[in-house]
Structure formats: C-alpha cells, structure tokens
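Going down the list, the protein sequences come from chains A and B. Residues 1 to 259, numbered by the numbering used here, are exactly what the first sequence covers, in order. Residues 260 to 543, numbered by the numbering used here, are exactly what the second sequence covers, in order.
No lab work stands behind these hints, which were simulated from the structure alone. From the three backbone atoms N, C-alpha and C, an ideal C-beta is built for every residue, glycine too. Just to be clear, a hint being listed does not mean it is correct.
Some chain A residues judged to face chain B by a derived CB distance under 8 Å, without partners named [to be verified]:
#, residue
1, G67
2, D68
3, P132
4, G165
Chain residues, written in single-letter form:
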Amino acid sequence: MLPATPSEMMTIAAARLLKSEDVCFVGIGPPSAACNLARLTHAPGITLIYESGTIGTAPAVLPLSIGDGELCRTAVTTVSVPEMFRYWLQGGRISIGFLGAAQLDPFGNINTTCIGDYARPKTRLPGGGGAPEISTSAAEIFITMQQSRRGMVKAIDFITSFGHGEGGDARARLGLHSKGPTTLITDLAVWKIDPETKEFHAHSLHPGVTKTKAEETCGWDVKYAAFVGETPPATVLELSVLRDLVQRSQAAHRRSAAA
Amino acid sequence: MAEFLSLSEAVSRHLRDGDTVAFEGFTHLIPYAAAHEAIRLGRKDLTLVRMTPDVIYDQIIGMGLARKLIFSYAGNPGVGLLRRFRDAVENAWPRSIELEEHSHAAMANAYEAGAAGLPFAVFRGYRGAELARVNKNIRSVMCPFTGEQMAAVPAIRPDVTFIHAQRANEQGDVLIEGILGVQKEAALAARQTVVTVEEVVHDFDGVHPNACILPRWAISAIAVVPGGSHPSYAAGYYGRDNAYYLAWDDIAADRRRFTAWMKQHVLEASAADFAERTKIREIG
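Just chain A, with the same shape it has in the complex (with noise of 0.2 Å):
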C-alpha cells in the first residue's frame, strides 16, 4: 500500500481525535471526511449532525452538499433547520463543532466571507454559513485545513467566526463560555492552543515534515509546544478505510440524476 499522502494524512489525524461519546456538527469538505473516517474505524458510535437537519448520520459516500439524500436516509431523524439551529446547537448540545477556513489566525479566528475590503473584495468567498454560531455554541472546536502562506496568515481580512479574539481572555470577555478552537489539523501538523495565550502552538509534525517546511508553509511566526513529536503514522486500516470511502463518494458524485 502506498504510503499517506500529506492530505491523507490530516484526514486520518482529525479522525483520530474524535470519541464514540462525541456529538459532532459537521462542516462540508475536509471535516465531513475526517468526522465519517472517525464513525468507520475507532468511533462508531459518534453522532453526527449536519446544519441541513439531519441527526446522527451514517452516510455511505461523503456527502456533495450538505443536505444530501444520502444524510437524511441514514439519519436517526431529521429536523428543520430553524429547529437545528435553536434546539440542538444554540441549546447547548453539540460537543465538537468541525470547521474548515479560506483563512486562519493564529488565535483561530477564521474568514470564509471574503479576500480584500468587505465592500469591494478582492475575492468574494461563500461565506459564514452556520460557522459564526458553530464556532460560539459548541462547547468545542477543531479545525483542519491544508497550510499555505495565504491561508494560515497573522491577521485575517474579516472575522466571519470568531475564535479567541487577539488572545488570552478575548472570549470571556464576550461572554463566552464554550472552549473555542482548541485544535488545529493541518496536512503537516497538528497544533494545539496554547491554554494561556490561546494561540496555536505545533504539537506534532507529521512523519517525514521537518520544522523548516511547517514553517514555511505557515504565514505566521511558528511556535512550538514544549515537546514537538511527531503524528503516529497512518495505520493499514485507517488508510483502507480511507480510499474506500473516497473512491466510493467520488464515483457517486460523478454520477447524475440517479432515479
């Protein structure tokens, strides 16, 4: 078997860190694979939420969007979006919000709204989403994204989601209670908050990524965690389970209409 390539890799380590007790809502793209790589190896019994209603999911395939047929068919339930966003995660019930980012501080704000002024954008970008909300309600946050000297920046264009402000005690000074970001996964690393400071620290490089790559890579200064290690590689079956789930959902997603 070929051995992980660096996008493998950040999916398999994201998996890792959720549990069979968690309660995750799902953020499309990297996150959706991660949280379903996580259901069909270590936990399975981890609940899964998407924004499009659907409680509890055990998709098959990944999905396109987030409100794919294949979410709701294998859901415990299935409720309307106002409900999803009043009862089930501003009601304190979501344990592990899973976001992506266009960009990332080193505090975990992210912007998904746009590159440039806000009103006249260098680049517009979707937007937030559920991810303003996601990132304050759930009593935690990952995220995971690939590192690039655009993405990982020292200061963002725009705060779509806040995550610990400019540091310290920015979010109890807003009122916040949940967390925040405490975990990043990258393609190269994993990084962790630093508990007083609330920036990014590296905590582990992944195998075969030295210091200099993780750091030129990163558009901010890297720090690093009292003890660097590196990521256990990935595993036979995590790997397997992987492609199988990624072969599968890119031969679904290339299909049409299917009755």
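Add chain B to chain A, keeping to what the hints say.
Just chain B, lined up with the frame of chain A:
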C-alpha cells in the same frame, strides 16, 4: 386557497418586478423550474432571499434580474464559489448587487419570526463576528430578565415564496418529506406562497400524522412540474444531479458561455423539459 395553475400562470400572477422573493430549498427540493420561469418572464429588480443561494441564484444574478441578495452562504457546496455572484459583487457585471449578509442561525430565526408574525428574531449569535459591523440589520437587545445581550435581526417577510414539494392532494394540501430545510417557515412568512410539486395524488390517507403538510388555505397556487427541482433532488423521486453542480463551475466561469447556456437551457426551454432532465446524465 390553493389554485392549481400552469407554472407560467402561477409565476406571472404572483411575482412582480421589484418583489422580495424567496426560492427556498436546502440542497433538497430547490424550486429550479419556478425560478427558470421567473427568468423567462424577465421579472427584474428582485430582492432575492435565501439561506443558501446556490446555482439557481447564480443564474438569476448572472441574468441581471436581482437588485439585492439577503443570504447566509453563497456557494456551490462541495464544488466551490458562485462565479456569476462573484462577478456581480466584484465587477458589477451585469449590474451591481446590494448584499445583506447573515449567518444561517440568523436567517433561520428570521424566517421563523416572519412565520410567527413577529417583527424581529432574537437569538444568541454573532458574538465577535464581523458581519455585525457591515450589516446594519444585525443589532442587539437585552434580555429583560437576565440582562444578557442577544442578537436581533428583522423578521423575513417575502412578498412571495416559491418552494418545491413531492406531492399535493386533489384538494391542494401539500406534503413535504425528507430534508425540510426552512421551507415551511419561508412559506408561512410570505404574503403569497407558490408550490411546485412532482405529482398530484387523490388523498394523503396513510401518511404519518406528524408529516409536514401545508394545508391548502395557507398556499396561493400549486403548479405540477415533474422534475421541477432538478438539478437539486426530490427524495423518493430522483437523486441530486451532482454532475450538473460540478459542470456548472466551468459554465459559469465565462460570461459568454454562461449567456449562451442560459439561452439554450432556460430562455428557449420550458417547464415541461424538467421531467426529462432527471433522466439525462450530462449537460452543456
């Protein structure tokens, strides 16, 4: 009271230039046929409302028919950005568009407030989020009991809401199954509601008592359009045409290709073409 009309009659009678209109659907049951009819009729200066404006709003915006967009996520989910929407925002092509941007939680609450006859929605949201700086309709109120500062947004009250559903019965009641999104709230928040359906059945005998049914007296008009949500999907009838969503990224990338595509597949097409499309495997 729901009237059964042809789609062109339903849209021409209930949608006017300058209206605030919601074509709602959350991945599932997006009312494409109704929106294409609005494009063919050339209804313009519209304020479009939707939580997840996807390809259908990209098409309306690209045709220059929208003045304003009230939304919370404008993307082609799993594929990328909306290129006609971007062109309008970044380059004012074919015209500029005003944005009123929210989060999903805000829009869902605002529709619910509209359905409930309230002037605004209150929820715990937008903490630390910069949208509150650029959208004057995001404000705050204090809880009179605890003193907590809560987010407030105005209720959404469309002039008309269009939705797609699986079935109507002969009396004009409408049954919606599967992912419901915010359609019930959007329908009840609007002054008028037009529903396209896959088919009409005699009655709803045997349907679960807790099923989502909009009674006939809460609906203005029903048009029967098999396949009317393609390339979105109707659970129990046809699946999502993911290949269409993937192909759209290229079609919308170029103004001329987009314009030619719209001419062929929308302007020179009709509601009757939708049934075939749920069987076709490739587009453009």
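Restraint satisfaction for A:D68 [CB to CB of chain B, less than 8 Å]:
Holds: closest Cβ of chain B sits about 6 Å from A:D68, inside 8 Å.
Just to be careful: measuring from the Cβ of A:G67 to every Cβ in chain B, is the smallest value less than 8 Å?
Hint on A:G67: holds, closest Cβ of chain B at ~3 Å, below 8 Å.
Under the criterion of a CB-CB separation shorter than 8 Å, is A:G165 in contact with chain B as hinted?
holds, 6 Å
Taking the least C-beta to C-beta distance, is A:P132 closer than 8 Å to chain B?
Result: holds, 4 Å to nearest chain B Cβ.
In this structure, none of the earlier numbered hints is contradicted; all agree with it.
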